[in-house]
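Peer 1: Produce the complete structure using the sequences and hints provided.
Protein chains: 2
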Amino acid sequence: MVVDHLGTTFAALSDPTRRAMIERLSRGPASVHGLTEPFALSQQMISKHIAYLVRARIVIKTRRGRESVCTLRPEAIKTVSDWAISYRQFWEESFDKLDAVVNRMKSEVSNDKKHGQ
Amino acid sequence: MVVDHLGTTFAALSDPTRRAMIERLSRGPASVHGLTEPFALSQQMISKHIAYLVRARIVIKTRRGRESVCTLRPEAIKTVSDWAISYRQFWEESFDKLDAVVNRMKSEVSNDKKHGQ
DNA sequence: ATGATCCACAACCATATGGTAGTGGATTTT
DNA sequence: AAAATCCACTACCATATGGTTGTGGATCAT
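Chains as they are written, first to last, in this note's numbering: chain A, 13 to 129; chain B, 13 to 129.
For the record, the hints were derived by calculation from the structure and aren't laboratory data.
Please note: incorrect hints may appear among the correct ones.
Which copy? The list can't say, so a pair holds if one copy fits it or any two copies do.
[Claimed, not checked] Subject to a maximum C-alpha distance of 16 Å in a straight line, what follows is the list of computed EDC-like cross-link-like pairs (lysine to aspartate or glutamate):
1) K90 with D108
2) K73 with D27
3) K90 with E35
4) K90 with E104
5) K90 with E105
Peer 2: Structure representation (structure tokens):
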């Protein structure tokens with residue numbers, strides 16, 4: 013079976029801890045230890061989350077001495093953006109329709125005012 | 013605990029069947045039966061997937077006679093887009109840096125050519 | 001060399017999810 | 001009224017995930 017890259021990406025993003033880690037990494041690479049500190053989670057759990065991000069190709073891990081440095085892959089997040097933007101036309105149309113409805117309601121209201129009830 | 017809306021949204025998007033259902037619904041509302049046909053999955057399973065999408069507030073279900081009509085909520089997908097776009101600055105900077113590296117490599121290559129090896 | 005630090009691996013548990021099969025309730029259709 | 005259609009509910013199973021504890025291997029500092 014073909015691997016569902018986008019699927020594993022979304023799955024990786026479904027956890028708030030991992031999204032926070034991404035936010036942290038967007039401000040520069042960090043070691044596993046550096047990622048553990050802010051999160052009140054065990055080091056083992058952080059390693060698991062990182063493994064998940066690595067599997068989803070969102071993060072790259074490189075060994076430097078006794079540290080593992082994690083780096084964010086910008087392409088990964090762009091992939092998500094591209095997916096969502098592919099529906100841009102749909103949601104803009106929907107919002108336009110909503111606008112139209114609102115406007116019609118407004119004019120009906122002013123109509124009511126003119127004609128009384 | 014506070015509900016992690018974005019998290020359940022991403023989780024809902026992690027399944028290829030559900031993403032295909034979203035693609036289908038972006039072209040207009042459909043009944044459960046209408047959503048079952050293209051997917052070679054049992055009706056029960058499709059109902060489960062729809063329930064997942066409803067829980068993530070991506071889809072709204074309305075009963076009409078014996079049918080349940082599913083409609084896509086455009087705001088839900090816009091949420092995903094907004095999340096990804098919040099990292100736009102990060103990835104554009106990264107791509108710029110990559111460009112810089114590539115350019116430096118190019119100039120080094122032309123340098124090698126000039127000086128021989 | 002010894003201890004401390006950073007990290008990975010394994011075993012284990014509870015829960016959620018993807019999937020099946022079976023059933024029964026409404027609503028249309030005939 | 002009877003049959004067919006559309007859908008939801010339940011029970012059940014295998015697997016993946018979030019989380020824990022325990023441990024051991026490298027690497028750095030003293």
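Peer 1: For each hint, tell me whether it holds in the structure or not.
Peer 2: Results of checking the hints against the structure:
no.: 1; hint: K90 with D108; verdict: between (26 Å within a copy, 14 Å between copies)
no.: 2; hint: K73 with D27; verdict: neither (19 Å within a copy, 26 Å between copies)
no.: 3; hint: K90 with E35; verdict: within (14 Å within a copy, 19 Å between copies)
no.: 4; hint: K90 with E104; verdict: between (20 Å within a copy, 10 Å between copies)
no.: 5; hint: K90 with E105; verdict: between (23 Å within a copy, 12 Å between copies)
Hint compliance for this structure: hint 2 is the single one not met.
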